[in-house]
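Top line first, the protein sequences correspond to chains A and B. Here the first sequence is numbered in full-length UniProt numbering, starting from 1 and rising by one per residue. Here the second sequence is numbered in full-length UniProt numbering, starting from 1 and rising by one per residue.
If you are wondering where the hints come from, they were derived from the structure by calculation, not from laboratory data. One should not assume that every hint holds.
Only pairs whose alpha carbons sit at most 25 Å apart, straight line, appear in this in silico BS3-like list of lysine-lysine [what the hints assert, rightly or not]: (1) LYS61(B) / LYS421(B); (2) LYS332(B) / LYS61(B); (3) LYS269(A) / LYS242(A); (4) LYS178(B) / LYS60(A); (5) LYS203(A) / LYS213(A); (6) LYS242(A) / LYS320(A); (7) LYS64(A) / LYS178(B); (8) LYS178(B) / LYS59(A); (9) LYS61(B) / LYS378(B).
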Amino acid sequence: LQQRRGLRLSAPAAIQVTVRDALNQALDEELERDERVFLLGEEVAQYDGAYKISRGLWKKYGDKRVIDTPISEMGFAGIAVGAAMVWLRPVCEFMTFNFSMQAIDQVINSAAKTCYMSAGSIAVPIVFRGPNGASAGVAAQHSQCFAAWYGHCPGLKVVSPWSAEDAKGLLKASIRDDNPVVVLESELLYGVPFEMSEQAQSKEFVIPIGKAKIERQGTHVTLVAHSRPVGHCMEAAAVLSKEGVECEVINLRTIRPMDIETVEASVVKTNHLVTVEGGWPQFGVGAEICARIMEGPAFNYLDAPAVRVTGADVPMPYAKILEDNCIPQVKDIVFAVKKALNI
Amino acid sequence: SPEERPQFPGASAEFAERLEFIQPNVLAGIPVYRVMDRQGQVLRPSEDPQLPKEQVLKLYKTMTLLNTMDRILYESQRQGRISFYMTNYGEEGTHVGSAAALDASDLVFGQYREAGVLLYRGYPLELFMAQCYGNASDPGKGRQMPVHYGCPERHFVTISSPLATQIPQAVGAAYAIKRADANRAVVCYFGEGAASEGDAHAGFNFAATLECPIVFFCRNNGYAISTPTSEQYRGDGIAARGPGYGLLSIRVDGNDVFAVYNATREARRRAVAENQPFLIEAMTYRIPPPPPQKKKNRFPWFSARFSLIGHHSTSDDSSAYRSVDEVNYWDKQDHPISRLRHYMARRGWWDEEEEKGWRKSSRKMVLEAFERAEREPKPPPRLLFSDVYLEMPPRLRRQRAELERHLETYGEHYPLQQFQK
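Given only the sequences and the hints, what does the whole structure look like? Please build it.
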């Protein structure tokens, strides 16, 4: 009797994927799936992207789908908005969101407000993406966090991925969303590998915009963060766990619309709240979270005022030791938790 | 020999051995193309587009109807019935001449002073008024200041206030249209002042590098609010900038509807056939509204803030920066409406009686639409929450429900009768 030799189709195991590759996959899959999607920005085509996020895409899809633009953010953001108003679905890359300030009228006055101002007759299915917030040694004009600025504006959706799964799932969801979406990536995360589940490796893997994720369950304190600080929170949680403090770490994933319900449910359980962000303290993401917690049912469950951990309220300095001390570190989060818990 | 030619990637040119600066050449600038003289007489018969009588009458009636609508709506703003208005006096020729040259499906991006284009395409008076009043019939749901019209069915993109932001958008739209391989052009209107914006520079540059089927149409009307062109730029206007970007460019007499028509028609044809951008600079003049009839001012506090002569808009008083003589010249000697009327009269297509009759009936049409618009209620309050996103998010849904509950209980304390249910 010959033994049946069949292909054993075991499910693919989870693999390690960098955020860069996850974003690249997302772009590749969406370009393939929908011919209306195209990528434009400085250096995205022939150079494979300033940070290599679009590596290989120009070779694969050509001039019509991956376009190198002249150096004018207001110009190519405007082009992208106009193209989106007609029938295309542009992905507009800012080399960093710091440069988006030169295009901010197109992003806010045009992309964000057009649906409302045209009474719903003009949709702008556009994605603005690029690295946001602190990098390493690039100083003040290349290190600002724009989560609060864009999160402020009705008409925009704003997402801020942390892990490779976040990056892929949120970028795909953003491209498929018919509203204007700002995707705030992090340059420091591009090279970081994360485990990507078999489910996330699928071409249909999409993460819903507006849902936070509980990265780690805990009972003593709620840590809420977005982007790279989520990683710091996980590290801080590991440190604190050794001291018997169990942190619940929430990865916001979406800045706007913010999933405050997940935070509320967590605060009801833990009675303590610490927010962590890379941006400046005034009018920031943490301030918004605290305000909403006060306005909602979770306020009655707080045993202590919420504590915010933020970037230092200065333009980012260049010198490494200064820069290191301007962004939230693990020790700052640990200190804040102990302050909140009064231990 | 090849070694003796410059090899730079950035420019293809010859060497020069004499130090010589290129003159900006403002005195002998780009000539102004025209078909008729100021008395409506065609100068070269070959340039007469020989439009059929019905179309010429439509051009004339559109310009005059716009003029009448402007008078009535401007007055209504001075009386506090609408909050803001912008007139189109003197520039009607640029609107209808270009609109007539386009296909009905060509996509129009305007600045804010192109109502004649929309009127030529058949947008009803009711809807112009509804938008200015922000009433329940406004397809724009009362979301915008007056004169910010939009009509997807007539391919007229909703007006957006910030100057020149529509220029790169128009280029992007043209790029999208090229990708769709449609026989469509994009026409992008803007004033000579808006052309100073950074968006304009980027838009022109990108249109050329992306090879888009777009016609840029600049209305050079001499002023940007109070800034005359002599302070807006020092070069030879906007047309002279075109070649610098690689655009085929022309300057036309904007008060000559046939010159505007011919230039737009040819530019549009070639833009689509050759996938390349064109730049038309239409020279014209922004005429201030006529002084009002002696009427008791219902809102004296209003006119104390705003003088009665103007203007860039109802928020402007141009008597502060231009002379009566200058204004009179344009009103009487070189007006697009009168020039076309002379052309029509010469052909026996129009006479004094028709003129009288049309003035009466057009005024009646406008007044009737106006009175209806005034009586209409405002849009229902629940429309406050829609269209922020394509789908209403839960937070807004909750807020809308909260408002509706509140109005159920306390509705009598609000002027709800002014709003549609």
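Structure-based check of all given hints:
Distance check on the hinted pair: LYS61(B) and LYS421(B) sit about 37 Å apart at the alpha-carbon level, beyond 25 Å; violated. Only pairs whose Cα atoms come within 25 Å are accepted, and LYS332(B) paired with LYS61(B) is accepted, the gap being roughly 19 Å. With a C-alpha separation of about 21 Å, the suggested pair LYS269(A) and LYS242(A) falls inside the 25 Å cut-off, and the hint holds. In summary, the hint linking LYS178(B) to LYS60(A) is supported, as the alpha carbons are separated by about 21 Å, within the 25 Å threshold.
Simply put, LYS203(A) and LYS213(A) have alpha-carbon atoms about 21 Å apart, close enough for the 25 Å limit, and the pair holds. A threshold of 25 Å between alpha carbons decides the hint, and for LYS242(A) with LYS320(A) the separation of about 30 Å lies outside it, so the pair is violated. Distance restraint check for LYS64(A) and LYS178(B): the Cα-Cα separation of roughly 10 Å lies within the 25 Å cut-off, and the hinted pair is therefore satisfied. Using a Cα cut-off of 25 Å, the hinted pair LYS178(B) and LYS59(A) holds, with the two alpha carbons roughly 22 Å apart.
Of the pairs offered as hints, the one joining LYS61(B) and LYS378(B) is violated, with about 31 Å between alpha carbons and a cut-off of 25 Å exceeded.
In this structure, the hints that do not hold are numbers 1, 6, 9, in rising order.
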